[in-house]
Amino acid sequence: MASRPERSSALVRRLLTAVVRAPEAATTLSASELDLALRLARRVRLLGRLADRLNRAHLIDALPDAAREQLASALVVVHARLRVTQWELDRLARVLREPPQMRVVALKGCAYLLAKLPNAAGRVFADVDLLFHERDLEEAERRLVARGWHGTKLEPYDQQYYRVWTHELPPLVHAEREVEADLHHNIVPRTGRLKPPGARLLEDAQPIAGESLYRLGDRDLVLHAMTHLMFDSDMADCLRDLVDIDDLLRHFTAADPAFWAALWARARELDLARPAFYGLRYATSLLGTPVPDTVLRRSREGAPPPPIVWLMDRLVPRALFPVHPDAPSHAATFARFLLYLRSLWIRMPPLLLARHLIYKFYVRRIRRVARPPQSPRGAPGPKA
Amino acid sequence: MTASDTPTRAVADLGAVEFAARLGGEGLGVRLGPFDAKLRSDVAEIVAPLYHLYRDYTLLDGDDRVFNLHLGLVTVRKWPRLANAKVRLIVDGRAPHDDLPVGQALAVLEWGLNLVIALRAHSWLMLHSAAVERDNGVLLLPAWPGSGKTTLCTALVHRGWRLFSDEFGLIRPSSGEAFPIPRPMPLKNESIDVIRAFAPDAELGPTIPNTRKGTIAHVKPPTASIRAADRSAPVRWIVFPRWSAGADLVFDEMAKIDAFMMLATNAFNYEMLGESAFTTVRGLVGNAQCFRLVYSDLDRAIELLNGLAAHDGEPT
Chain A
1 MASRPERSSA LVRRLLTAVV RAPEAATTLS ASELDLALRL ARRVRLLGRL
51 ADRLNRAHLI DALPDAAREQ LASALVVVHA RLRVTQWELD RLARVLREPP
101 QMRVVALKGC AYLLAKLPNA AGRVFADVDL LFHERDLEEA ERRLVARGWH
151 GTKLEPYDQQ YYRVWTHELP PLVHAEREVE ADLHHNIVPR TGRLKPPGAR
201 LLEDAQPIAG ESLYRLGDRD LVLHAMTHLM FDSDMADCLR DLVDIDDLLR
251 HFTAADPAFW AALWARAREL DLARPAFYGL RYATSLLGTP VPDTVLRRSR
301 EGAPPPPIVW LMDRLVPRAL FPVHPDAPSH AATFARFLLY LRSLWIRMPP
351 LLLARHLIYK FYVRRIRRVA RPPQSPRGAP GPKA
Chain B
1 MTASDTPTRA VADLGAVEFA ARLGGEGLGV RLGPFDAKLR SDVAEIVAPL
51 YHLYRDYTLL DGDDRVFNLH LGLVTVRKWP RLANAKVRLI VDGRAPHDDL
101 PVGQALAVLE WGLNLVIALR AHSWLMLHSA AVERDNGVLL LPAWPGSGKT
151 TLCTALVHRG WRLFSDEFGL IRPSSGEAFP IPRPMPLKNE SIDVIRAFAP
201 DAELGPTIPN TRKGTIAHVK PPTASIRAAD RSAPVRWIVF PRWSAGADLV
251 FDEMAKIDAF MMLATNAFNY EMLGESAFTT VRGLVGNAQC FRLVYSDLDR
301 AIELLNGLAA HDGEPT
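Protein chains in written order, with the working numbering: chain A, 1 to 384; chain B, 1 to 316.
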């Protein structure tokens, strides 16, 4: 076998950044590099994006058969998820636009989809996320439940967890469909370190042409993407969320020269300076997002103490980028564990966190004893 | 897929020692119908049976190629109970399901291949169906688990039919053609002895007891079927089989609309493909003769299906 002079983590980053920033690079990679790039893109939910970009550039047919096959399959999945997500949004909007009127803001993927932003193309949509004024949340839930949606987390602890501590209701799903709808009143948990004013985000939202739903303003959309990645996840294999930030920044700054000037003031106004600092830092360093020096300098106001920045610089890339599937890395496992702890830490105050973890620990233990281990789905069923 | 490798080598050309070395090291590249797979395993127990079952497959030499799927088995020993070793299925570095007893490793590998294909191969319409071919006509046997589809399929390929698959009816949506993916066929429980009696020449892998589907033994596809795995064919007959103890033989031609509904609900990825699945299934039932088969006697069922092919599709 050929020696591997390039470290596997460097290889992973080189291949993924290549196919994210310049999908046509897929045609110039060696076959073994393309093989790895496809596996990595699949892992971080970017295979659909790659397939979409290559398809639009008419480059899929230039690739080896096994790559074409996987990319064609990825496009089928993209279209299927798009179809069910559009339908779910249509059904939700139909119920939610009934009088009395309430403002409903589509978040994340659904906002990109309805507003036709560039990162919607090739996206594998999952849940539908909607933002409401807190006072409207109960009415929204009541209407949906009356029309066939039902909760999926029914245990009293989970109900309380969602309703009292988080920024969303327990997920709802319609009896005849599979797409989960998450109804939010803010973009970070109630118990979290950041306190962005949810009502403010909602009031400054923009109508979407031809839709009854709204979306966040351009800057708020970017700040939400940054907050979601840095303050509402453990970042493991979340490269797609950084790609969202990169895509959105490139898109909005190309269309609106004044975008940068007001970004920082808005970040501070919404108490999102910290996620904005991190978002800009890692988008520029890992994906080469073009951010003016003045903005980067200004963003240091949002930075944590230098030792924390030093540590995060070492942890974040190891979590966002996947590990080489054939070369497990202890450093990456440890980095991800630390970021997992951080994700809990920033979501709840210590005592609440302790209580939550103790409860979850016991529930898991008790369930494991009471229920036999889940059987594998070897021969796939019809819903595979 | 159709890329020609010159010269083509079979897995057996590696020899048992090199086979074991690849499986435990860099990985074994092997062509499974339209899918190029790379398999890795550190489970010593499956090397010999796997070599036996896979020896006729096209070997994919060299590292500089794109594979459709990478699949691995890793032995997991929980200290200090060294005796209770388990096997973990690894797909691209992740374990899609819980570990299983190491004695079931071969079945875990085969199920794992099914799982990955079913979840990923959406450029195909995937029917949950056995498929066999004769005189350039494919007989689809779509059925739910427990209806005896694997047994019927194994019996047919030991009576002159070419194996396409006992599990996946792979249909190209663009052409409606069926493509072969001949793989070891897992017989369950009583079927093992039924086939041993029906086809004494059938080559069986090890008997694996106590799996979640009972006792399993894999039948090696005939060499000729594996060698012809790049030859697709149109679907000529669709027969929905059901084995029922003591039942009289029933063989009725079905209305197309009923066959359509049964085939559409039988597909793994009908909803995923959407409109192209509808068009493809409509084309399949439109161009094929569709029957319902209930049987208890394997010999009579085979005789009947052989007669179907002999009549070249004329109504019986």
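Treat each hint with caution, since some may be false.
Output of the computed footprint for chain B on chain A, the stretches with three or more beta carbons under 8 Å from beta carbons of chain B [unchecked claim]:
(1) 29–36
(2) 39–52
(3) 65–72
(4) 324–332
In the DSSO-like style, the derived pairs of lysine-lysine whose C-alpha atoms are separated by at most 30 Å in a straight line are [claimed, not checked]:
(5) A:Lys195 / A:Lys153
(6) B:Lys188 / B:Lys213
(7) A:Lys360 / B:Lys188
(8) A:Lys360 / B:Lys78
(9) B:Lys78 / B:Lys213
(10) A:Lys360 / A:Lys116
What the hints contain is simulated information worked out from the structure, not anything from laboratory work. None of the values given here were measured: they were computed from a predicted structure. Yeah, the Cβ is synthetic: ideal placement off N, Cα and C, and Gly gets one too.
Q. Hint numbers the structure violates, sorted upward?
A. Hints 7 and 10 contradicted; others consistent.
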